[in-house]
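Student: Here is what each chain is made of, one letter per residue.
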Amino acid sequence: MSVSAPAAPSTLPGMTYTIDPALLEQSSRDLIRHGLDVDEAARIPFPDTGSTAGYSKDAVEQLTSHVASTADSLSDVGAAVERVVAVARLTDGEVGELFDLSLAGAFR
Amino acid sequence: MSIDTAVDGDPGSCRRTARALHDLHGRLAEARSYLDGQAHLAAAHFDGLSGDAYRARCAAVGDAVDAAADSSRGLARALNDHADGLEEVLVVMADAREVARRELVLHGHTIPTPGGYATDRQGDVYRTVAASVQAARRDEARLRDAWLSALARYAVGPVEDLCLPDVTTASTRPAPPEPVASKVDAGAPRTSTAVPFAPLVSTNVVSSTTVAPPDSVWVPWGGGDAA
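If you read the protein sequences in the order shown, they are chains A and B.
Take 1 as the starting number for the first sequence in my numbering and just add one per residue.
Take 1001 as the starting number for the second sequence in my numbering and just add one per residue.
One or more hints might be untrue.
[Unchecked claim] Just the calculated beta-carbon pair ranges, DEER-fashion:
(1) B:Glu-1160 to A:Leu-36: 30 to 38 Å
(2) A:Gln-26 to B:Pro-1165: 47 to 55 Å
(3) A:Arg-29 to B:Arg-1153: 30 to 38 Å
(4) B:Ala-1043 to A:Phe-46: 18 to 26 Å
(5) B:Arg-1019 to A:Ser-65: 15 to 23 Å
(6) B:Asp-1063 to A:Leu-36: 18 to 26 Å
(7) A:Leu-36 to B:Gly-1037: 12 to 20 Å
(8) B:Asp-1052 to A:Ala-86: 14 to 22 Å
(9) A:Phe-46 to B:Asp-1036: 26 to 34 Å
(10) B:Ala-1141 to A:Pro-45: 24 to 32 Å
(11) A:Pro-45 to B:Ala-1059: 27 to 35 Å
(12) B:Ala-1118 to A:Glu-40: 17 to 25 Å
(13) A:Pro-45 to B:Ala-1146: 47 to 55 Å
(14) A:Leu-90 to B:Ala-1042: 18 to 26 Å
[Stated by the list, open to error] A few chain B positions that, by computed beta-carbon distances, are all more than 10 Å from chain A:
(15) Ala-1020
(16) His-1040
(17) Ala-1044
(18) Ala-1053
(19) Glu-1087
(20) His-1107
(21) Arg-1142
(22) Leu-1162
(23) Pro-1165
(24) Asp-1166
[Said to hold, decoys possible] Simulated coverage check for chain B against chain A, where a stretch passes if three residues somewhere in it have a Cβ under 8 Å from a Cβ of chain A:
(25) 1072-1081
(26) 1122-1133
Hints are computed from structural coordinates only; laboratory data are not their basis.
Even glycine gets a Cβ: it sits at the ideal position worked out from N, Cα and C.
One chain only, chain A, in its complex shape (with noise of 0.2 Å):
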């Protein structure tokens, strides 16, 4: 089975909904992209306040947690939109409404 990546935007045969696999690979990739750097970035010294310093270091910690969790979301929806662009080519472009339907299920 081999589908060829049709120039975006476009409609592959068959499927129920309009899809752009070179444009969604790239997003793919800028997503995970954007999680790495993010996550990098999030390593952030402890700063020293004096007599709050123990209070700071908790909304330090407290701040990378979260980002580190936001970094790892952007990373999972790039994940998903390569899983679904791939699900996508390997249908051969034959993806219902049933299909799309648990496709979406990928985001959530």
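Given chain A, work out where chain B should sit, using these hints.
Tutor: Leaving out everything else, chain B in the frame of chain A:
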């Protein structure tokens, strides 16, 4: 009563963290901008229920990114302000130690009360130093409260998890007593209320007009009011 000039906290460390938070904000802003574009991706590129789910997910992640970006930017600014204030307090304390080194006695960061053989001038200098240090301590307390307020304001998760002290109570706690020599503060406008030492250090002279007399001094060897 001895004067303690030690100050906890490192402005350099605060600035390093602020820079890292600023960089983080930049990365988050880029990610947010990209997610915005994906959240509004045209149906011509990604149609169907999965396309809608993708756009919704990108919007949701964008909101989380936004919260983190706001927090990192707010904390970075507050930390820089904290570092600025801390530096001012440290300068006042360093000046106080310098004056004590020349005119009084200095033990590490502590300036002991002049003893019984202290001259009048040393007494005046001590009171001036005490007033300045006291004003710097008030600034330090305000900095602490402002920083705790910033931590609460820019918390990206439940504020309760940070177990912060009641800043409202802290900021309204009774102010320390007025400095003994508050009239000394006649220099250029400053954000700090600390009494500048520059005239004292540069001229090595305490003007009689700049030092307020003590409210009441019991003089054991004379004075009609002494019992």
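Student: What are the numbers of the hints that this structure violates, sorted from low to high?
Tutor: Per hint list: 4, 12, 13, 15, 17, 18, 22, 23, 26 violated.
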